[in-house]
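With these hints in hand, go ahead and build the complete structure from the sequences.
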Amino acid sequence: MKPYTGKILWVNLTDGSFHEEALPDSFYEHFLAGMGLAAAILYRRIPPGADPLGPDNILGFVPGLLTGTPSLFTGRWTAVGKSPLTGAWGDANCGGTFAPAIKQCGYDGIFIRGISPKPVYLSITHHSVEICDAAHLWGLDAIATEQRLWAEASQPKKPSVACIGPAGENRSLIAGICHDQGRLAARAGLGTVMGSKNLKAVALAGTRRTGCARPDEMKALSSQCNRYAQLDIPAMPASFPRLLGAAMRKLPFAIRMDGMLIMALFRKWGTASLNQGSVEWGDSPIKNWAGSDRDFPARQSDAINPDRVLAYEQRKYHCYACPLGCGGICSFEGMETHKPEYETTLAFSGMILSTDLKAVFAINEKLNRAGMDSISAGNTVAFAIEAYEKGLLTPEMTGGLELKWGDAQAVDALLDRMIARDGIGDLLADGVKRAAQRLGNGAENLAVHAGGQEIAFHDPRQDPGFGLHSSVEPSPGKHTTGAFVYYDTFKLWRKIPGLPKPPLISSKDGRYHSDPLKTAKAVATSNFTQLYNAAGLCLFGTYLGVERLPLFEWLNAATGWNRTPAEYLEIGRRIQTLRQMFNIRQGVDPRKMRLSPRAIGLPPLQRGANRGRSVELDGMIHDYWDAIGWHPETGIPTPETIAALDLHDEDIVSRYG
Amino acid sequence: MAYQITELCTGCTACTKICPTSAITGTRNQRHIIAQARCIDCGVCGKVCPPGAIRDARGNAASLLKKSLWPKPVVNITVCTACGICVQSCPVTCLALSEPANGDPNAYPALHEPKRCLACAFCADDCPVGAIIMQVPN
Chain A
1 MKPYTGKILW
11 VNLTDGSFHE
21 EALPDSFYEH
31 FLAGMGLAAA
41 ILYRRIPPGA
51 DPLGPDNILG
61 FVPGLLTGTP
71 SLFTGRWTAV
81 GKSPLTGAWG
91 DANCGGTFAP
101 AIKQCGYDGI
111 FIRGISPKPV
121 YLSITHHSVE
131 ICDAAHLWGL
141 DAIATEQRLW
151 AEASQPKKPS
161 VACIGPAGEN
171 RSLIAGICHD
181 QGRLAARAGL
191 GTVMGSKNLK
201 AVALAGTRRT
211 GCARPDEMKA
221 LSSQCNRYAQ
231 LDIPAMPASF
241 PRLLGAAMRK
251 LPFAIRMDGM
261 LIMALFRKWG
271 TASLNQGSVE
281 WGDSPIKNWA
291 GSDRDFPARQ
301 SDAINPDRVL
311 AYEQRKYHCY
321 ACPLGCGGIC
331 SFEGMETHKP
341 EYETTLAFSG
351 MILSTDLKAV
361 FAINEKLNRA
371 GMDSISAGNT
381 VAFAIEAYEK
391 GLLTPEMTGG
401 LELKWGDAQA
411 VDALLDRMIA
421 RDGIGDLLAD
431 GVKRAAQRLG
441 NGAENLAVHA
451 GGQEIAFHDP
461 RQDPGFGLHS
471 SVEPSPGKHT
481 TGAFVYYDTF
491 KLWRKIPGLP
501 KPPLISSKDG
511 RYHSDPLKTA
521 KAVATSNFTQ
531 LYNAAGLCLF
541 GTYLGVERLP
551 LFEWLNAATG
561 WNRTPAEYLE
571 IGRRIQTLRQ
581 MFNIRQGVDP
591 RKMRLSPRAI
601 GLPPLQRGAN
611 RGRSVELDGM
621 IHDYWDAIGW
631 HPETGIPTPE
641 TIAALDLHDE
651 DIVSRYG
Chain B
1 MAYQITELCT
11 GCTACTKICP
21 TSAITGTRNQ
31 RHIIAQARCI
41 DCGVCGKVCP
51 PGAIRDARGN
61 AASLLKKSLW
71 PKPVVNITVC
81 TACGICVQSC
91 PVTCLALSEP
101 ANGDPNAYPA
111 LHEPKRCLAC
121 AFCADDCPVG
131 AIIMQVPN
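Sequences listed follow chains A and B, in order.
In terms of the working numbering, the first sequence opens at residue 1 and continues consecutively.
In terms of the working numbering, the second sequence opens at residue 1 and continues consecutively.
None of these hints come from the bench; they were simulated from the model.
Hints are supplied without guarantee of correctness; some may be wrong.
Mimicking DSS-like on lysine-lysine, the simulated pairs with C-alpha atoms at most 30 Å apart in a straight line are [what the hints assert, rightly or not]:
| # | chain 1 | residue 1 | chain 2 | residue 2 |
| --- | --- | --- | --- | --- |
| 1 | A | K250 | A | K7 |
| 2 | A | K2 | A | K495 |
| 3 | A | K508 | A | K250 |
| 4 | A | K366 | A | K158 |
| 5 | B | K66 | A | K366 |
| 6 | B | K66 | B | K115 |
| 7 | B | K115 | A | K358 |
| 8 | B | K72 | A | K158 |
| 9 | A | K358 | A | K404 |
| 10 | A | K508 | A | K287 |
| 11 | B | K67 | A | K158 |
| 12 | A | K390 | A | K592 |
| 13 | B | K66 | A | K404 |
| 14 | B | K17 | B | K72 |
| 15 | A | K2 | B | K72 |
| 16 | B | K67 | B | K17 |
This one's a predicted model, so the numbers in the text were calculated from it and none came from an experiment.
Structure representation (structure tokens):
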């Protein structure tokens, strides 16, 4: 039995046709599934220069190779397509139950092209594909859409649904795809791609099972892994993360991080555990990246103290196959809502200097329903407040809405307008880069993004790896693609000969320029990230480190192969390089994906945790490109690399088919 | 390879009524057939077939089993990780997460609709940590 289905589904919404495409074993041996499969499919199938919101763009949904096997942390699905926000490779990752549901329909991917003449949704099982009228769903928010599709389902199996809300319908370029009542595949504007296709939802209710080569071995590995995943730090007070963050700020040196600590924090509070600690540490950007922890001191960040968030939690929320359960279902003002993640919380507290936790909950629910990315939206409203403060936005332009630091209610009202593209909301609904271009007069200096995508709330002036990976990633501006701390937590050197083991203690000042250790760490991090994305793993699972997370061993037990960790890492490099080749073919210049100066300390902050720090980003980018096998000046994969990775510039799918 | 119906079939329609994917079709009193594309190998057809006309994917004949003797999933929550694989594996959504209890914030799965359970054991087979056993209810 194989862990992959060997086929993908193609749907053309322009003419309402669909067909299956078989993929041979050799395809999976080269690209695995998930991100690798998506890269191989989209690379050639989206024509160069395709309009991201036109019929030629392809929207794909892919689970991982390990999804559906008896493994842990393997319930992530990825939406892929050409991003309308960046014009480059776009991917957005989400948990819930949609990943196994794709496989239960018998597919390793669902790919959609064309534009439907009217709103539709897809209803798919393992024996049927239907393109259904969505007139009654169009205009509904994402949560209501999902509930309606559950109520209307005729099969005994409850459908798993991915859908868009009003933000995607209104073509906001920062719209995401929603799932399971408020989880989002948020990034890269792929909800807008879905909206441009007049596709409201995809509902999956298949019940076919996924196989694997050695199920008993898989379960033994999972049971062993679970022992580590369940390790707990008893009786951690809510002050612990804050004190830890403050200590890390004050220590004169940096300490190599063990992901088990993060795991324990996430087990108790979820990503909310970062709320205060990250501010104290200097990981959280404050006041549209121009402030510091001094502007949002502990007495203010106490408003988002993890225990205050946890007080609303009714039960833990686990994505499929997750033993950790970092999510939470909360009761807020009489309704159930997902616990706000760290990113959303920081966006609507520290970034706008607000101490209104209830507003964070309300905005979180609003954005989940609208299907709007809270990272991009949070950056955009903070940008708007600063632009208003500097007179670049006027009361006439905002329709009388006064934007000022700390006023979460005004931000709430602004978000309504962005979702509806109403008045000033129309200018802001496409993110900071386009808003700054339309405003002019130096507004671009306030707009923090990489290649057009707003970056998440982890400050490159604290961990420059976030700045590097945001800039070199084929899907720029994402925080889940790499950071120096991730390399520490992956612990790849334990399994892969030749990879460097970082010192337990290192200089803080040494973090800001390029050197061979950092370059090796960054390239290995990228390659491993693509590998676990192809397997369908969650980033948070990787915090166990590869000596406790048996990713390589699961892959061998699931497929029946006998590959080394180094061989698997090379597949990661193949996927990363193919995504870059996608960008080159689309005419994207990698040099223009560089992160905005403000976020890398140009000019440096004058006070706070990251005072005086500037990242020598150009040198890091140059060395990264060179080490991964791309041209060090242009970022274009070299012919030698393309040959070594067996990625000759031709129709890769048919070659392996 | 899916299940098949042999010439022993009397066309009683018991299997068509219970098949969770509507994979079985046929005229009453005539031999029925299983649509290979729809069958998920849950085996419930074999448990309800009076003449024993169902053969599994390996060609073994299934035997009629009184419904009260169908094994049901029992979840050991001291082992369970609340990962929800079993809930998703269930072809008829008879497993669901329960409300948290005893100060544990996790919602563990339980058999919420035992009458719908097909005794297919997908949940137990797919559990990555062996937290589910199939047991005949007392």
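Next on the checklist: Next pair to validate is B/K67 with B/K17; report whether the Cα-Cα distance is within 30 Å.
Outcome noted: 14 Å, holds
Next on the checklist: Hint check: A/K2 vs A/K495, CA-CA at most 30 Å. Holds or violated?
Outcome noted: 25 Å, holds
Checklist entry - Going straight from one Cα to the other, do A/K508 and A/K287 come out at no more than 30 Å? => result 24 Å, holds
Item to check | Holds or violated: A/K366 to A/K158, with C-alpha atoms at most 30 Å apart | outcome: 25 Å, holds
Next on the checklist: Tell me if the straight-line CA distance from B/K66 to A/K366 falls inside 30 Å.
Outcome noted: Given that 30 Å is the threshold and the Cα spacing comes to 51 Å, the pair is violated.
Checklist entry - Within a Cα-Cα threshold of 30 Å, do B/K66 and B/K115 meet the stated pairing? => result Since the Cα atoms of B/K66 and B/K115 sit roughly 13 Å apart, the hinted pair holds (cutoff 30 Å).
Next on the checklist: Check whether the Cα positions of B/K66 and A/K404 lie no farther apart than 30 Å.
Outcome noted: At roughly 71 Å apart (the allowed maximum being 30 Å), A/K404 and B/K66 break the hint.
Checklist entry - Is it true that the CA of A/K2 sits at most 30 Å from the CA of B/K72? => result 28 Å, holds
Next on the checklist: Holds or violated: A/K390 and A/K592, Cα atoms, limit 30 Å.
Outcome noted: Given that 30 Å is the threshold and the Cα spacing comes to 27 Å, the pair holds.
Checklist entry - Does the alpha-carbon distance linking A/K358 and A/K404 stay inside the 30 Å limit? => result With a Cα-Cα distance of about 18 Å, the restraint between A/K358 and A/K404 holds, given a limit of 30 Å.
Checklist entry - B/K67 and A/K158: Cα distance at most 30 Å? => result 24 Å, holds
Item to check | Given hint A/K7 paired with A/K250 - CA-CA distance at most 30 Å | outcome: Roughly 54 Å separates the two Cα atoms, so the pair is violated.
In the structure shown, a violation is registered for the earlier hints numbered 1, 5, 7 and 13, in ascending order.
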